[in-house]
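Use the sequences and the hints to build the structure in full.
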Amino acid sequence: MPRAERPGTPEACAELLRACADAGRTVRVRGGGTKSDLGAQARTDVVLETGGLDGIVDHVPEDLTVTIRGGMTFAALRDALASHGQFLPLDPPHVARGATVGGIIAANSNGFGRYRYGSVRDLLLGIRAALPDGTIARAGGRVVKNVAGYDLNKLFVGSFGTLGVVVEATFKILPLPPVARAASATFASAEGVFGAADALVRTSLRPTAVVVERSGPGPWRLLVAAAGERAPVERAMTELGRIAAAHAGTAEAIADPESALGPLRELLDRSTGGAVLRAALPLATQAAFAEAAVRADPDARLVADAASGVVQVHLPDESGMRSAADALLASAHVLGGSARMERTANPDLGVAGAPEPGGAFLGRRLKDAFDPRGILEPARSIGR
Amino acid sequence: MTAAPAVVRAGLRGAELAGALRDLLGADKVLWAREDLLLYEYDGAIDIATPDAVVLPSETADVAKLARFCAEHAVPLVPRGAGTGLSGGAIPVEGGVVISFARMSRILEIDVPNLRAVVQPGLVNLHLSTAAAPSGLYFVPDPSSQKACTLGGNVAENSGGPHTLAYGVTTNHVTGLELVLSDGTIVRLGGKALEYDGYDLVGTFVGSEGTLGIVTEITVKLTPLPEDKRTLMAAFPTMDDASNTVSAIIGAGIVPSAIEMMDQLSTQAVEASVGAGYPLDAGGILLVEVDGVRDGLDDLLERIETICRASHATQLRVATTALERDKLWAGRKGAFAAMGRLASDYYVQDGVIPRTKLPQVLRHVIDVGERYGLRIANVFHAGDGNLHPLIMFDGSKGPAEVERVKEAGREILEMCIEVGGSITGEHGVGMEKNCYMPLQYSPVDMAVMRRVKDAFDPLGLANPGKVFPTPGKCKEFSLNAAR
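Order-wise, the sequence lines are chains A and B.
Sequential numbering of the first sequence, starting at 1, is according to the working numbering.
Sequential numbering of the second sequence, starting at 385, is according to the working numbering.
Just so you know, the hints here were simulated from the structure itself, not pulled from any lab data.
Model, not experiment: these values are computed from the prediction.
Careful, some of the hints might be misleading.
[Unchecked claim] Under 7 Å between C-beta atoms, here's a sample of chain A residues computed to sit facing chain B:
| no. | residue |
| --- | --- |
| 1 | Lys154 |
| 2 | Ala231 |
| 3 | Pro282 |
| 4 | Ser308 |
| 5 | Gly309 |
| 6 | Gln312 |
| 7 | Ser338 |
| 8 | Gly358 |
[Unchecked claim] Using 20 Å as the maximum straight-line C-alpha spacing, the simulated DMTMM-like pairs for lysine to aspartate or glutamate come out as follows:
| no. | chain 1 | residue 1 | chain 2 | residue 2 |
| --- | --- | --- | --- | --- |
| 9 | B | Lys857 | B | Glu798 |
| 10 | A | Lys172 | A | Asp79 |
| 11 | B | Lys613 | B | Asp679 |
| 12 | B | Lys605 | A | Asp198 |
| 13 | B | Lys857 | B | Glu795 |
| 14 | B | Lys449 | B | Asp567 |
| 15 | B | Lys613 | A | Asp368 |
| 16 | B | Lys613 | A | Glu229 |
| 17 | B | Lys413 | B | Glu443 |
| 18 | B | Lys837 | A | Glu229 |
| 19 | B | Lys449 | B | Asp407 |
| 20 | B | Lys837 | A | Glu234 |
| 21 | B | Lys711 | B | Asp612 |
| 22 | B | Lys449 | B | Glu601 |
| 23 | B | Lys781 | B | Glu791 |
In this text, a Cβ means the ideal position worked out from N, Cα and C, and glycines have one as well.
This is the structure:
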């Protein structure tokens, strides 16, 4: 069994990393453990749990910024901000299971609101990261604009714990919107549903969710949510109705938007067997990709953040899984995007044959510079 | 103007370098005559240095060929867009080659279905929005210099502008880059999708001020034009009243697309030059814009007007036509140029503070001006807390006067850091503020940034003498730095 360590301060976390690096012990970083089956990994000597790095460091409501420790759960942050009528406008998955802010940064874990509010990289203003040499480096700041020095925040977002441990983070936050509404409509084809989504994205309505869902053979569903002042929110709902009618359908209001969006966000958790893959695509290629998924496995389930081009696919058919997954990974690249396996029973799947991302040699140099002994997350392909 | 102190680095220079570049790239792509080089020795800031040669590439292959040659001969590479930068980023402080992107200024693709554009670095910022407008789209970042500044420069500096409050700065709108590294390697990063495998090198590169490599192609997001806008000019008796209004608007849960502030000295200069219709007797004015779908915009405007009145606004004027709106904005965007009426030279600072500290820090700016006997105008992005104090001076008084002006600027930046801010919000560190980096970052922080520099530019030839404190030149500040 790997040894669990739970540093209680950023300094202790940095010291622990230094000790591990000196001894050549490999380390895996664990927040809520909600994404622990995401991507490739190996058993490490140490599991560094960030739960001891908890709490709000600084919150000035009038400045709309908040600084927290990396191990704080998103749910705790959400509740603390809500008591001031504010929120961090991210809606990542796995929040109910205890996802931490540090883990959300490390996995670049976003929800459907990124089109309206931006993603982790857009909302993160500054970090402090504990590094394998035992130092704690700061990047960015606590103000909403800052171009002094390199933007190392971006390097850490989506780095999957391969460079260091985010011990502190500062985010832009917003006042909670007074009104939220959602509605859905069904469409007969991928082309129809993505066309309707596109028509909404091409306005200044700025919805908080434009989600395409296919829950198996049958119609495609478009779910749209809007939040903010009453008048523009109602206008968004009217526009959805108009677009649905143009496709010979009707839009139905959803009484509780979150009850409808929540399960869509958790496709990964709700999918058993087969494989789940995730693609980030140029917007207009989503319909073609979705059609390819259905050709590869007629029972394929999809959830797409159609406003941002992020499509998750569950391929339940285990027998045809390998060829279906390979076809879809290749399809994403051909369409100008990228794709990765999120979870699969077969760890070899989709690993071979994926083209190296542009600038991979720069990524390796950065990994070597931050973690020269390669102790952090040694099985991750990122930075290798 | 001050001549920049040069760091001596052995390598090919002077006429010999220019001759070799003519052989390498052809005479039509190289400038070397003294009178031509003079045009490239300054930008929008106050430092100067002369390049050994200027290269005007027409394609990425030219840049790669140039970089390979310069790597072999230890020649610094300094990319330059329109030279509108305000931190000396395009100044060849160690000599070498300035790369002008004047001939790589095309729009390669406006991809309407994918809401993206692919452009060359020399493209003028405003030209992109103009070209995208018939498709109902625009490029959000709108620096005040947008009629001249280039997308390559915007990427290098991570430029902002008045309308980035709600919609983000350059880095939030770039999804792909083609780079030439200082060893001549061509690298393509990102693309038209929002995420790719590996580290976010696009995000790491944007704002690196030419010190990690040279941008040769840029993929950006295009955004649907808002259905409608409302623009309000509000006048206040004092800057304190205007500052408190900014916090009150944001605090009410309203995020306008822009909140800009100008003090009396600025409005007087602007009125004399542009005639934007600003009241001359106000202590400070705000320009507030809200946009989006038409529904609810008037209600929103009314709420903002109510807040302004509660903060003692003496005059509220809403632009009712596009022409009136353009006039209000022409005053703001022409403000720096208008300062020429007040003084022969100005030095602009770019510190950022938490919005709630605006009254305190603006009072400090006034105090600095009084103590140094310098006139300081304030024209800035109040919604972001991004100050632009313009310190006016007479450069003909010589280097001692320039040093005094820089001292005054440093006192303002120290206050910005003291209240938890940053030394620069959008202009960049360049060579103008590299000595002040230790005010904001510890040696450990900067050593980590240095690792990134070394990964991209192990030769150290990409825009040397910028961002990081220069040994020798910056000794005092490093030692005295308060953290």
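Hint-by-hint comparison with the structure:
1. At a threshold of 7 Å, the smallest CB-CB gap from A/Lys154 to chain B is about 3 Å, leaving the interface hint in force.
2. Given hint, A/Ala231 at the interface with chain B, holds; its Cβ is 3 Å from that chain's nearest Cβ, closer than 7 Å.
3. Residue-level restraint check for A/Pro282 holds (minimum Cβ-Cβ distance to chain B is 4 Å; threshold 7 Å).
4. A cut of 7 Å between beta carbons decides the hint on A/Ser308: the least distance to chain B is about 6 Å, and the hint holds.
5. Look at A/Gly309: its Cβ gets to within about 6 Å of chain B, closer than 7 Å, so that hint holds up.
6. A distance limit of 7 Å between C-beta atoms decides the matter here; for A/Gln312 the minimum to chain B is near 13 Å, and the interface restraint is violated.
7. Annotation: A/Ser338 was flagged as interfacial toward chain B, and the flag holds, the nearest CB pair being 4 Å apart, inside 7 Å.
8. About 4 Å separates the beta-carbon of A/Gly358 from the nearest beta-carbon of chain B, less than 7 Å, and the hint is met.
9. Note on B/Lys857 and B/Glu798: the hinted pairing holds, with a Cα-Cα distance of about 19 Å set against a maximum of 20 Å.
10. With a C-alpha separation of about 16 Å, the suggested pairing of A/Lys172 with A/Asp79 holds against the 20 Å cut-off.
11. Of the pairs offered as hints, the one joining B/Lys613 and B/Asp679 holds, with about 11 Å between alpha carbons and a cut-off of 20 Å not exceeded.
12. Restraint check for B/Lys605 and A/Asp198: the C-alpha separation of about 15 Å stays at or below 20 Å, so the hint holds.
13. Annotation: proposed proximity of B/Lys857 to B/Glu795 holds, straight-line Cα distance about 18 Å (limit 20 Å).
14. This hinted pair checks out: B/Lys449 and B/Asp567 have alpha carbons roughly 9 Å apart, not beyond 20 Å.
15. For the suggested pair B/Lys613 and A/Asp368, the alpha carbons sit about 50 Å apart, so the restraint of at most 20 Å is broken.
16. Among the hinted pairs, B/Lys613 with A/Glu229 is consistent with the structure: their alpha-carbon atoms are about 16 Å apart, no more than 20 Å.
17. A C-alpha spacing of about 11 Å is found between B/Lys413 and B/Glu443, which places the hinted pair at or below 20 Å, so the restraint holds.
18. Distance hint between B/Lys837 and A/Glu229 is unfulfilled; the C-alpha atoms sit about 45 Å from each other, more than 20 Å.
19. Simply put, B/Lys449 and B/Asp407 have alpha-carbon atoms about 12 Å apart, close enough for the 20 Å limit, and the pair holds.
20. In summary, the hint linking B/Lys837 to A/Glu234 is not supported, as the alpha carbons are separated by about 49 Å, beyond the 20 Å threshold.
21. Distance restraint check for B/Lys711 and B/Asp612: the Cα-Cα separation of roughly 17 Å lies within the 20 Å cut-off, and the hinted pair is therefore satisfied.
22. Proposed proximity of B/Lys449 and B/Glu601 is supported: the alpha carbons are some 16 Å apart, at most 20 Å.
23. Between B/Lys781 and B/Glu791, the direct Cα distance comes to roughly 16 Å. Compliance with the 20 Å bound is thereby established for this hinted pair.
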